[in-house]
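K.L.:
Chain by chain, the residues:
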Amino acid sequence: MWIWADLTSDGLASSALELLTKARELGGEIGAVAFGPRATDAVAALGEHGAIRVYASDDDRLEEPTSRVAAHTLVALIARDSPDVVLFPSSYRARDVAGRVQALTGSTVMANAVDLPTIDRARAEILGGTTVVDVDLAGPRPHLVLMRPRSFEPAAVGGTAEVVIVDVVEPAGFVSASVLSRTDPGATGPSLDDAKVVVAGGRGLGGPEGFRLLEELAGAIGDTAIGASRAAVDAGWVPYALQIGQTGATVKPEVYLAAGISGALQHAVGMKGSRRIVAITKDPEAPILKMADLGVVGDLFQVLPALTEEVRRRTGR
Amino acid sequence: MNVAVLVKWVPEPQGTPTLGTDHLLVREGADGALDPGDEYGLERALQLVERDGGEVTIVSMGPEIAVAAVQRGLAMGAARAVLITDPALRGSDTLVTARVLAAAIRRLGPIDLVVAAVESTDGYTGTLPITLAELLELPSVTFATSFDVIDGAELQAERQTASGSEALACPLPALVTSTTGVAAPRYPSLKGVMAAKSKPVDRPSLTELGLVADEIRSTQSVTGVGTAPEKAGGRVIEAGPDAAAEIADLLEEARVI
Numbered sequence: 083m084w085i086w087a088d089l090t091s092d093g094l095a096s097s098a099l100e101l102l103t104k105a106r107e108l109g110g111e112i113g114a115v116a117f118g119p120r121a122t123d124a125v126a127a128l129g130e131h132g133a134i135r136v137y138a139s140d141d142d143r144l145e146e147p148t149s150r151v152a153a154h155t156l157v158a159l160i161a162r163d164s165p166d167v168v169l170f171p172s173s174y175r176a177r178d179v180a181g182r183v184q185a186l187t188g189s190t191v192m193a194n195a196v197d198l199p200t201i202d203r204a205r206a207e208i209l210g211g212t213t214v215v216d217v218d219l220a221g222p223r224p225h226l227v228l229m230r231p232r233s234f235e236p237a238a239v240g241g242t243a244e245v246v247i248v249d250v251v252e253p254a255g256f257v258s259a260s261v262l263s264r265t266d267p268g269a270t271g272p273s274l275d276d277a278k279v280v281v282a283g284g285r286g287l288g289g290p291e292g293f294r295l296l297e298e299l300a301g302a303i304g305d306t307a308i309g310a311s312r313a314a315v316d317a318g319w320v321p322y323a324l325q326i327g328q329t330g331a332t333v334k335p336e337v338y339l340a341a342g343i344s345g346a347l348q349h350a351v352g353m354k355g356s357r358r359i360v361a362i363t364k365d366p367e368a369p370i371l372k373m374a375d376l377g378v379v380g381d382l383f384q385v386l387p388a389l390t391e392e393v394r395r396r397t398g399r
Numbered sequence: 093m094n095v096a097v098l099v100k101w102v103p104e105p106q107g108t109p110t111l112g113t114d115h116l117l118v119r120e121g122a123d124g125a126l127d128p129g130d131e132y133g134l135e136r137a138l139q140l141v142e143r144d145g146g147e148v149t150i151v152s153m154g155p156e157i158a159v160a161a162v163q164r165g166l167a168m169g170a171a172r173a174v175l176i177t178d179p180a181l182r183g184s185d186t187l188v189t190a191r192v193l194a195a196a197i198r199r200l201g202p203i204d205l206v207v208a209a210v211e212s213t214d215g216y217t218g219t220l221p222i223t224l225a226e227l228l229e230l231p232s233v234t235f236a237t238s239f240d241v242i243d244g245a246e247l248q249a250e251r252q253t254a255s256g257s258e259a260l261a262c263p264l265p266a267l268v269t270s271t272t273g274v275a276a277p278r279y280p281s282l283k284g285v286m287a288a289k290s291k292p293v294d295r296p297s298l299t300e301l302g303l304v305a306d307e308i309r310s311t312q313s314v315t316g317v318g319t320a321p322e323k324a325g326g327r328v329i330e331a332g333p334d335a336a337a338e339i340a341d342l343l344e345e346a347r348v349i
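Quick mapping for you: the protein sequence lines, in order, are chains A and B. Position 315, counted from 1, in the first sequence is what our numbering calls 397; the numbers after and before it change by one each time, with no gaps. Position 39, counted from 1, in the second sequence is what our numbering calls 131; the numbers after and before it change by one each time, with no gaps.
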């Protein structure tokens, strides 16, 4: 049982620790694959969460943007140590690597999984999370399973991992893309993953300026992240990083407040695990009202500022 | 410059999808369309060949009704299309689909650029284009928010990353997956719709593609279907003077203020 540990500019992604929780449940020897910046720095945390072996390399070539070198290198490790399953997060990078590995090994790729009851059976929610399907996995090992974010809780168990040296494999005649420039505005405020409250906006906000109402509300509540529906992101009002849903982030905050979001299946799958859901929409037929603990039907341009005022009054902020 | 654009017929995006007794999505008899996510990359590809010369070829795999999606792509301006239809491909997984599409693209002769949407609107797997890229041994740029071809030799693209964006240059031939940001799709003109009817649509068989039974055997089968636990509905109120206070009460109960 292996897991793919995503590395970001902030270090080890929490998805790696979530996947280790599942890997421990399934048993067997747990390996972690950590390719990328400061990979060796991640070894301790991976061991602490149950990996007994970490295939770590911070060789620059493993970061090239087409993911070809990472995939070919991973395939060489797979051929040598024969894992039954490789669990991946659902990040861009993981999707690219898993997709390329599939072409090379003929393995199955199971995307959007929420659980793996056995190593040959995955569970996924389809049709916007209204239907659960069990999918039997066949074909050459390892099965490549991409897990939706926050499907498992990270838990430290103590332990140290052995580091395995990785030989980087470049495919014959390899050509890569080169990075001309990179923009990384970095996180502002709490992340969608960690915030206690998420306030999200959709088409009903009418434009980017509508999101200012959400920012003011978030500032008043505190420990609050801003999210968006696909409609708002596709319209270019806010960046993709804010998208919640089947494509995008899965959030499970204490309170999820949706403003001007109809609650299409696409969106529902990313937020229905929230502890409490509040929806403000002008459409009395909006599906999100069926999911909401408290639904408010009316003009969000009146309700949001009034709510911000009320929260400020109660908190004295 | 020759561009292959992958398109998919999907059940009507606004409709209610249903599963058949074989646990597969019901496609026959369902209303459907060209996947709206495919139109952006197709539009951008058309703009590039209109500027630099060359042809756009639509490549698709799907049931007989997928002809409708292919026709729409031709009506938008693609020169020709390849559509692979075979009952043996029903319920194919991403690997089988990628193998079929790779074989179809190889048959086209030299292709400079393969364009696909980031993911389909019905399946959301999001790995098929990159699997195809590896089968064709192509470099790739995924999640492009804009892309251009410079001097017919280099793909330049801006792509989204988890926390920002990056600008990339990639020698052709290459594969790019596009988000909805790359271009605003045109609406097919009446002239385009009429012209589409006489454009060539190649319908190769699996044998003609050189695929054998082992290569089209899916590695996944749905063995159980259940309904996800539904959350009990809550209270719905009209927006009035008390609405803000009611929401604030809930925030207090949740101990977040």
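Treat the hints as calculated values from the structure; they're not laboratory data. There could be a bad hint or two in this list.
[Stated by the list, open to error] Here are the simulated distance ranges between beta carbons:
| hint | chain 1 | residue 1 | chain 2 | residue 2 | range |
| --- | --- | --- | --- | --- | --- |
| 1 | A | E235 | B | M286 | 33 to 41 Å |
| 2 | A | E252 | B | R182 | 47 to 55 Å |
| 3 | A | E244 | B | Q139 | 51 to 59 Å |
[Claimed, not checked] Simulated coverage check for chain B against chain A, where a stretch passes if three residues somewhere in it have a Cβ under 8 Å from a Cβ of chain A:
| hint | region |
| --- | --- |
| 4 | 214-223 |
| 5 | 268-275 |
| 6 | 330-343 |
Keep in mind the model is a prediction, meaning the values are calculated, not measured. Quick reminder that beta carbons are idealized off the backbone N, C-alpha and C, glycines included.
K.L.:
Each of the hints needs a verdict: does it hold here or not?
P.N.:
Verification of the supplied hints:
1. E235(A) x M286(B): 33 to 41 Å: For E235(A) and M286(B) the Cβ distance comes to about 59 Å; the hint is violated.
2. E252(A) x R182(B): 47 to 55 Å: Given about 38 Å between the Cβ atoms, the range is violated.
3. E244(A) x Q139(B): 51 to 59 Å: holds, 53 Å
4. 214-223: Our answer is that it holds, as 8 residues pass the Cβ test (under 8 Å) against chain A, meeting three.
5. 268-275: holds (count 3)
6. 330-343: That given contact holds, which follows from 11 residues of the region 330-343 of chain B lying within Cβ reach (below 8 Å) of chain A.
Hint violations for this structure: numbers 1, 2, all remaining hints satisfied.
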